[in-house]
Amino acid sequence: MLTRDFVGGVASIAIGAVYLFFAYQLRTSALDDSMGPGGLPRVYGWLLIGLGAILTIQAIVSRRMAVAGATTDEKGEWDGQGRKLLFAAGLLAIGVGYIFLVETLGYLISVAVLLLVTALYLGAGNKGRVLSVAVLGAIFLWVMFVIVLGVRMPSGLLASLSL
Amino acid sequence: METLTHTAAFLFDWHVILAALIGVTWGIMGGALPGISPSITMALLLPFTYTLDPTSAIVLLASTYIGAEYGGSVPAILIRTPGTNAAAATVIDGYEMNRQGKAGLALGISLYSGVIGSLFGLAMLMTLSGPLAKVALAFTPMAYFALGILGLSVIATLSGENLVKGLIAAILGLIIATIGSDPVTGGTRFTFGSAELLGGIEPVMIMVGLFAMSELLVQASKREQDERVTSRPRIQFPDWPLAKRLIPAQIIGNGIGTFEGVMPGAGGTIASFMSYNEARRWSRHPEEFGKGSPEGIAAPETANNTVAETALVPLLSFGIPGSNSTAILLGGFLIHGIVPGPMLFQKSGEVVYGLYAGLFTAAIGQLLIGMAMLPVCIWLVNRPRPYLNAFIFALILSGIYSIHNEAFDLGIMIAAGMLGFFMRMLRFPFLPTVLGLVLGYLVESNFRRSLVLSGDDWMIFVDDRISLGLLILAFLFIGGSIAKRIYDLVRHRPTSTFSESAES
Numbered sequence: 001m002l003t004r005d006f007v008g009g010v011a012s013i014a015i016g017a018v019y020l021f022f023a024y025q026l027r028t029s030a031l032d033d034s035m036g037p038g039g040l041p042r043v044y045g046w047l048l049i050g051l052g053a054i055l056t057i058q059a060i061v062s063r064r065m066a067v068a069g070a071t072t073d074e075k076g077e078w079d080g081q082g083r084k085l086l087f088a089a090g091l092l093a094i095g096v097g098y099i100f101l102v103e104t105l106g107y108l109i110s111v112a113v114l115l116l117v118t119a120l121y122l123g124a125g126n127k128g129r130v131l132s133v134a135v136l137g138a139i140f141l142w143v144m145f146v147i148v149l150g151v152r153m154p155s156g157l158l159a160s161l162s163l
Numbered sequence: 001m002e003t004l005t006h007t008a009a010f011l012f013d014w015h016v017i018l019a020a021l022i023g024v025t026w027g028i029m030g031g032a033l034p035g036i037s038p039s040i041t042m043a044l045l046l047p048f049t050y051t052l053d054p055t056s057a058i059v060l061l062a063s064t065y066i067g068a069e070y071g072g073s074v075p076a077i078l079i080r081t082p083g084t085n086a087a088a089a090t091v092i093d094g095y096e097m098n099r100q101g102k103a104g105l106a107l108g109i110s111l112y113s114g115v116i117g118s119l120f121g122l123a124m125l126m127t128l129s130g131p132l133a134k135v136a137l138a139f140t141p142m143a144y145f146a147l148g149i150l151g152l153s154v155i156a157t158l159s160g161e162n163l164v165k166g167l168i169a170a171i172l173g174l175i176i177a178t179i180g181s182d183p184v185t186g187g188t189r190f191t192f193g194s195a196e197l198l199g200g201i202e203p204v205m206i207m208v209g210l211f212a213m214s215e216l217l218v219q220a221s222k223r224e225q226d227e228r229v230t231s232r233p234r235i236q237f238p239d240w241p242l243a244k245r246l247i248p249a250q251i252i253g254n255g256i257g258t259f260e261g262v263m264p265g266a267g268g269t270i271a272s273f274m275s276y277n278e279a280r281r282w283s284r285h286p287e288e289f290g291k292g293s294p295e296g297i298a299a300p301e302t303a304n305n306t307v308a309e310t311a312l313v314p315l316l317s318f319g320i321p322g323s324n325s326t327a328i329l330l331g332g333f334l335i336h337g338i339v340p341g342p343m344l345f346q347k348s349g350e351v352v353y354g355l356y357a358g359l360f361t362a363a364i365g366q367l368l369i370g371m372a373m374l375p376v377c378i379w380l381v382n383r384p385r386p387y388l389n390a391f392i393f394a395l396i397l398s399g400i401y402s403i404h405n406e407a408f409d410l411g412i413m414i415a416a417g418m419l420g421f422f423m424r425m426l427r428f429p430f431l432p433t434v435l436g437l438v439l440g441y442l443v444e445s446n447f448r449r450s451l452v453l454s455g456d457d458w459m460i461f462v463d464d465r466i467s468l469g470l471l472i473l474a475f476l477f478i479g480g481s482i483a484k485r486i487y488d489l490v491r492h493r494p495t496s497t498f499s500e501s502a503e504s
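If you read the sequences in order, they're chains A and B.
According to our numbering, the first sequence is numbered sequentially starting from 1.
According to our numbering, the second sequence is numbered sequentially starting from 1.
Isolated chain B, as found in the complex:
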């Protein structure tokens, strides 16, 4: 209650309101550009925060983070390009809805779910910071390894009609994740003498290649067949029956997003994929997933927006930045001489309460700014295909170049596009590849660290209670998915497929 009253005092502070609105607008723009990650978007603002008062500076950066996490879904839905890693799960059903002429509704669902995720995450941040922070501290390398396995367990359901193809796709992702420096010894692996590969391959390059570049190649490959679909340039929010249908998916997104957000290093990508998978598992219409399901947008978008708020728990409570974005935010605190951690609430309580008020304003601002910006985006993607595709090509090449300012990265993205094109031709699913890519480093580094800690005793994964719990959950997920496949096979029911616009 005390937190609420202190926070309410900042709700009408125009410095806070202005910082939140500018931040969220900037964030949406940055997040919507492929290659411009939330942390880059925030880092670009960092120099401007020197001259601001501490509360406005922190609100500006945190609102940018919220906006960027949401902004990633806009190109995911409209041009099949996830603007951020966490938006990769939104591509599946978002782009399918766009192809069906329902871009306005898809964007409306993503915006509405994003705002729900942000508000729920903020409520968790304000009320449960203490207990949630304890959960984060209890996580050991063994638990992180098990968390990675839990994330990978989703592959069993994302593999479509052929589990073997899904597993092959996942291993391709894991293989790409091994390129670069070894996570334990620091030695180089599969770099072939290239300095550009020392730091590994950014997942966004592969994702943009797999999803967007391969789509452009497919469009180019059937030039005569104009598959242009136009959507009304208007945002359409779900009506009451649809909103009611989305509630379970949003609850799942909120729950998983809260859990994943407080784990330093886990991030929104795992949360959005796991939410997608669970939403599908518990949906009354699982057959619609992959073919334009509204729940397939609501669950991941709620999850990654919840993560954007709850990721602040370890930062505010212990000063631990769990991601690049929260590290930039930590930088913002330090610039103003504020040290996040257990004493933050005593020493700089007003900044924290101002931050809460700013995050609330940013969530509401996200709704208003989204409603103003998105019709223009829909109008843009309704332009004739040759112009639109040429512009998308230029946009993704520009975005990828801007990551490291190196033409080498463009080659990686184009190579990933070729891989995606052939995977579509041979009907391999992409999502397991993305999961393997994102989770490969987390799984390998924590697996090996755990073995170093235990002196190669594999029982350490069972002795650690959190690790054991997560591993059991992962095996239940895998077992359940395989059992369902066998059941479908015996009953001669078709296994629901993830078309991902596979080429015929």
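The following block holds chain A by itself, in its conformation from the complex:
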């Protein structure tokens, strides 16, 4: 029953319902135009729910037809997805870690750590090479963004060195 389309349809209904809830909370004012700030968001919310329902029904019907024809392999559709999700979540965690550290450690240090940890996580074997890529990559990005483009990146721990 849990085909990708079914999950997609149910997720769309859920997202649409949450969005619609907040769309109906939008305050109206006497200065609003007739449609108001909530007008189109409500239309979008209902459309998302409606389309989600259609996708769910489509998924159920095609599943029933497939079962009648005995041609599906539902289990195969989700095989290995849990492991994939776990690996992807690891990279996501590295990114979230960077967000929390960048302003404390500063750009130069945190981007070097990011390069090092990400490359190791993704399977880089040669430790010496990883370290040199992390250091040189961080310096390259720092020169590109901070020196050449003049972007104000956080200095963090290196603030006293104006880096």
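If you're looking for bench data, these hints aren't it; they were derived computationally from the structure.
Treat each hint with caution, since some may be false.
Facing chain A, from chain B, some residues (calculated, C-beta under 10 Å) [claimed, not checked]: (1) Phe-12; (2) Gly-30; (3) Lys-165; (4) Leu-172; (5) Leu-174; (6) Asp-182; (7) Thr-185; (8) Gly-187; (9) Val-218; (10) Arg-223; (11) Pro-384; (12) Leu-397; (13) Gly-399; (14) Ile-466.
The beta-carbon is built from N, C-alpha and C at its ideal position, and this holds for glycine as well.
Mind docking chain B on chain A? Use the hints.
Chain B alone, transformed into the frame defined by chain A:
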């Protein structure tokens, strides 16, 4: 003819040549960095223009704009990250060609089409400024609304095998576009008390998340399977049969790019998506689109480079900047005491002719500089996957941070990456989301403004002739796409899909 002779006099002015070459190089570098928009790239140069003579200053800024619009395609093809909003359509087939080991050819097609777009756009700018400017002035909020609907009509063809999924994806984009300040009343919507969301979400954050971050997550999710593809670090231009095949797509890109460029506010993104869609519609090989079609690169790249030139029409003719980039260019004019508008040609004709010559030099320079820079870029993306992906991750996080200097934006980009990852897992297409995101504000603001103007009379969209024409065109596009789907269904033919590297 007079314009040509005046322009020719500046073609050998070394100040103009130098400014054009520096500008286009700087632009390509800026455009190639995700998060660094053409307007930021130009703004960084603005302080340097104070000391330059007016012609060189304007040429420097305008060439940067041209270079940045082109530069956006380089990461789009090589690392699935559109450097600019307008390069989002190039990701689809460009990255697919890269995956097939044809990065050199993909970059060659994009460079060659970009130069054609620039030269055609320049010809339009020089010869048709007057009539094109009149078209721009005729555009009312109703016409802009209809233009947005025309852009959204492309969704019907970009939805792949399941139209419902495409529509859901588009609505997700429209929903994201509603976050921030209300376009009519200025009240806040869906900001949940966050000051960072007041200005809305920059489309580039979502695009980088959807395309690049989700790709990194997918790569991370299958660590054991090394899908490394290497391309020869050499730019490869299309041979004659391929160049001939690209001509219709480039003509489409030129036509749509000219039309969209002169509309203030329309921009290169709509032009590139519409060109992509039309190129697919009229192609002899529509089944190749989404799977590495050369026309899928040629059409959007020609279009957004044409837009970069024709966007100067409303600026030079009326002093109306239609985008952030042309607003920076307007700033460049004003710094030197030049006021663009109807009197520009009489009062500062030499600056305009110098600008034309500079734009020509920039287009040719784009070709030479692209040929020199791109092999290095291909070599870089041929590095082992763990290092390359780590570097891409660091690059996109740095680029997104540089937009507002806020870590909050990184969270938005990562969230968009998660959304993209799940959309790929559930086989939803991205392109409708991007279209909804880019067009959401244009559609809503002009729809509501039109209703305010008409006192809630919906007939105003029919009474306005341009609006009516565009709406009819949009309905024809939608009707045609749906009819083709029904025809394919009846004949049991598979609907051509847009894989966008969907996860299995």
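For each hint, the structure was consulted:
1. Phe-12: 30 Å, violated
2. Gly-30: Where the cut-off is 10 Å and the nearest Cβ of chain A is about 7 Å from Gly-30 of chain B, the hint holds.
3. Lys-165: 7 Å, holds
4. Leu-172: Leu-172 of chain B check passes; min Cβ-Cβ to chain A is 8 Å, inside 10 Å.
5. Leu-174: 5 Å, holds
6. Asp-182: 4 Å, holds
7. Thr-185: 6 Å, holds
8. Gly-187: 5 Å, holds
9. Val-218: Since the shortest Cβ distance to chain A is 7 Å, the answer is holds.
10. Arg-223: 5 Å, holds
11. Pro-384: 7 Å, holds
12. Leu-397: 6 Å, holds
13. Gly-399: This interface hint holds because 8 Å falls under the 10 Å limit.
14. Ile-466: 22 Å, violated
Hint violations for this structure: numbers 1, 14, all remaining hints satisfied.
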